[in-house]
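4 protein chains.
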Amino acid sequence: MADTIDSLTRRICAFCDERDWAQYHNPKEMAVAIAAEAGELLQHFVWQSNEQSLERVSDRRAAIASEMADVAILLFEMADRCGIDLTQAITDKLAANAERYPVAKAKGSNKKYNEL
Amino acid sequence: MADTIDSLTRRICAFCDERDWAQYHNPKEMAVAIAAEAGELLQHFVWQSNEQSLERVSDRRAAIASEMADVAILLFEMADRCGIDLTQAITDKLAANAERYPVAKAKGSNKKYNEL
Amino acid sequence: MADTIDSLTRRICAFCDERDWAQYHNPKEMAVAIAAEAGELLQHFVWQSNEQSLERVSDRRAAIASEMADVAILLFEMADRCGIDLTQAITDKLAANAERYPVAKAKGSNKKYNEL
Amino acid sequence: MADTIDSLTRRICAFCDERDWAQYHNPKEMAVAIAAEAGELLQHFVWQSNEQSLERVSDRRAAIASEMADVAILLFEMADRCGIDLTQAITDKLAANAERYPVAKAKGSNKKYNEL
Numbered sequence: 001m002a003d004t005i006d007s008l009t010r011r012i013c014a015f016c017d018e019r020d021w022a023q024y025h026n027p028k029e030m031a032v033a034i035a036a037e038a039g040e041l042l043q044h045f046v047w048q049s050n051e052q053s054l055e056r057v058s059d060r061r062a063a064i065a066s067e068m069a070d071v072a073i074l075l076f077e078m079a080d081r082c083g084i085d086l087t088q089a090i091t092d093k094l095a096a097n098a099e100r101y102p103v104a105k106a107k108g109s110n111k112k113y114n115e116l
Numbered sequence: 001m002a003d004t005i006d007s008l009t010r011r012i013c014a015f016c017d018e019r020d021w022a023q024y025h026n027p028k029e030m031a032v033a034i035a036a037e038a039g040e041l042l043q044h045f046v047w048q049s050n051e052q053s054l055e056r057v058s059d060r061r062a063a064i065a066s067e068m069a070d071v072a073i074l075l076f077e078m079a080d081r082c083g084i085d086l087t088q089a090i091t092d093k094l095a096a097n098a099e100r101y102p103v104a105k106a107k108g109s110n111k112k113y114n115e116l
Numbered sequence: 001m002a003d004t005i006d007s008l009t010r011r012i013c014a015f016c017d018e019r020d021w022a023q024y025h026n027p028k029e030m031a032v033a034i035a036a037e038a039g040e041l042l043q044h045f046v047w048q049s050n051e052q053s054l055e056r057v058s059d060r061r062a063a064i065a066s067e068m069a070d071v072a073i074l075l076f077e078m079a080d081r082c083g084i085d086l087t088q089a090i091t092d093k094l095a096a097n098a099e100r101y102p103v104a105k106a107k108g109s110n111k112k113y114n115e116l
Numbered sequence: 001m002a003d004t005i006d007s008l009t010r011r012i013c014a015f016c017d018e019r020d021w022a023q024y025h026n027p028k029e030m031a032v033a034i035a036a037e038a039g040e041l042l043q044h045f046v047w048q049s050n051e052q053s054l055e056r057v058s059d060r061r062a063a064i065a066s067e068m069a070d071v072a073i074l075l076f077e078m079a080d081r082c083g084i085d086l087t088q089a090i091t092d093k094l095a096a097n098a099e100r101y102p103v104a105k106a107k108g109s110n111k112k113y114n115e116l
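Chains as they are written, first to last, in the working numbering: chain E, 1 to 116; chain U, 1 to 116; chain D, 1 to 116; chain Z, 1 to 116.
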């Protein structure tokens, strides 16, 4: 789809503003809601092996997509309310990760950059 | 910026594939990493009042943007590996929320849809 | 050690009361802090295989013990402030789990009780 | 009640061992489960004000006690499987906190020790 993070964010913020929710949506509350939704996403995989997690995705794709959408919606709105350009932040992070994880060192490794 | 979730996702997955990380990036591990990064984002606001959280964003905007980018990057990659179109899932969720939270009932309220 | 949850809780609450922290320690803030500390504990294991996680515990036992203590301290205090007897709640939960997970059905299985 | 963390832990581990669950209960999986349960606890308070959170506890005390018991049960078992004496870890942490947060500096403040 052709939607950018920006265009989705405008729709999300319009939705919230129509409902007068800005009063509840300060950065802290948004971070709390994101953590809670990330917890709901995690719930689907607790005690499952990595192999079973693939099966779980087949069995529950709609439910998992819905939890992931919840995290994304909150994240896009939070960025907007914090004056953060999320697309730029992602681009910057990818550039930082390219320096932290050079292919020659990081290939095939699950180590953190400061342990490589 | 003109990047779509799709175009960002392609860059993220190319980054991981160059490093042979698909072996670690099954749905479960992605959900675990997302929860851990959401926890790091939350750390910035623990014990802070809602008002203080605005100040915190001014003081730590770059660090907070960086945590948010981490969550987004993992979320976009996870959706791709799960065969989930995240833009579509967000659009579907906004439509579902519009039904769950009609303006007339939800305006100015912080209640969950099943308590409205 | 002979300390009960109760005796530890009394020490924790005395510590907080001496510092006038009750004003910050309402149930919501406690739940937020517990989630953030659980996230810190999780950080130690992100991207690690189950086997690697055993090694990690050997390498970082003191740090992991310290994160676990943080979760426990907050949990004990939160229970007290909510008028919840945590020892009783644990005992009740173990009894409920014994019914939900009868040995004959649950032995060797990682399924949730509603899937057994 | 007179139960210590140790005596509760012995009951919890016996429960799991009868069900052959040690194979699933490595440190990583325990940390994942703790984060997921902490997320469930947090769910009860999302978007609620601190004042509303007190009401929520009155309305849902049994459910909240049950989530808290889940976190505690997993935490006690994880400590045991990691060779960590949780009572000792709590005692050590309280001693460390007493140094980090001297009453004279920390009284009435919600700042972190490294910001005091």
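Errors might be hidden in some of the hints.
Pairs count within a copy or across copies, as identical chains cannot be separated in the list.
With a cut-off of at most 25 Å between alpha-carbon atoms, the simulated SDA-like pairs for lysine to any residue come out as follows [to be verified]:
1. Lys111 - Thr4
2. Lys111 - Thr91
3. Lys112 - Ala22
4. Lys105 - Gly83
5. Lys105 - Thr4
6. Lys111 - Arg60
7. Lys93 - Asp80
8. Lys105 - Arg61
9. Lys93 - Cys16
10. Lys107 - Tyr24
11. Lys105 - Asp85
No lab work stands behind these hints, which were simulated from the structure alone.
Structure-based check of each hint:
1. Proximity of Lys111 and Thr4 under a CA criterion of 25 Å is satisfied in neither setting, with 32 Å inside one chain copy and 30 Å between copies.
2. In this assembly of identical chains, Lys111 and Thr91 lie within 25 Å of each other by CA distance solely inside one copy; the values are 22 Å within and 33 Å between copies.
3. Within a single copy, Lys112 and Ala22 get their C-alpha atoms only as close as 37 Å, which misses the 25 Å cut-off; across copies the closest is 16 Å, which meets it.
4. For a Cα distance limit of 25 Å, the shortest separation of Lys105 from Gly83 qualifies neither inside one copy, at 35 Å, nor across copies, at 29 Å.
5. Taking CA atoms no more than 25 Å apart as the test, Lys105 paired with Thr4 passes in neither setting, with 33 Å inside one copy and 30 Å between copies.
6. Proximity of Lys111 and Arg60 under a CA criterion of 25 Å is satisfied inter-copy only: 15 Å between copies versus 30 Å inside one chain copy.
7. Taking the shortest Cα distances, Lys93 and Asp80 sit within 25 Å of each other both inside one copy (18 Å) and across copies (19 Å).
8. Taking CA atoms no more than 25 Å apart as the test, Lys105 paired with Arg61 passes in neither setting, with 35 Å inside one copy and 27 Å between copies.
9. Taking identical chains as interchangeable, the C-alpha atoms of Lys93 and Cys16 lie at most 25 Å apart only when they sit on different chains, with a minimum of 13 Å there against 28 Å within one chain.
10. Taking the shortest Cα distances, Lys107 and Tyr24 sit within 25 Å of each other only across copies (12 Å), while inside one copy they are farther apart (44 Å).
11. For the identical chains of this complex, Lys105 and Asp85 are neighbours neither inside a copy (31 Å) nor across copies (32 Å), given an alpha-carbon limit of 25 Å.
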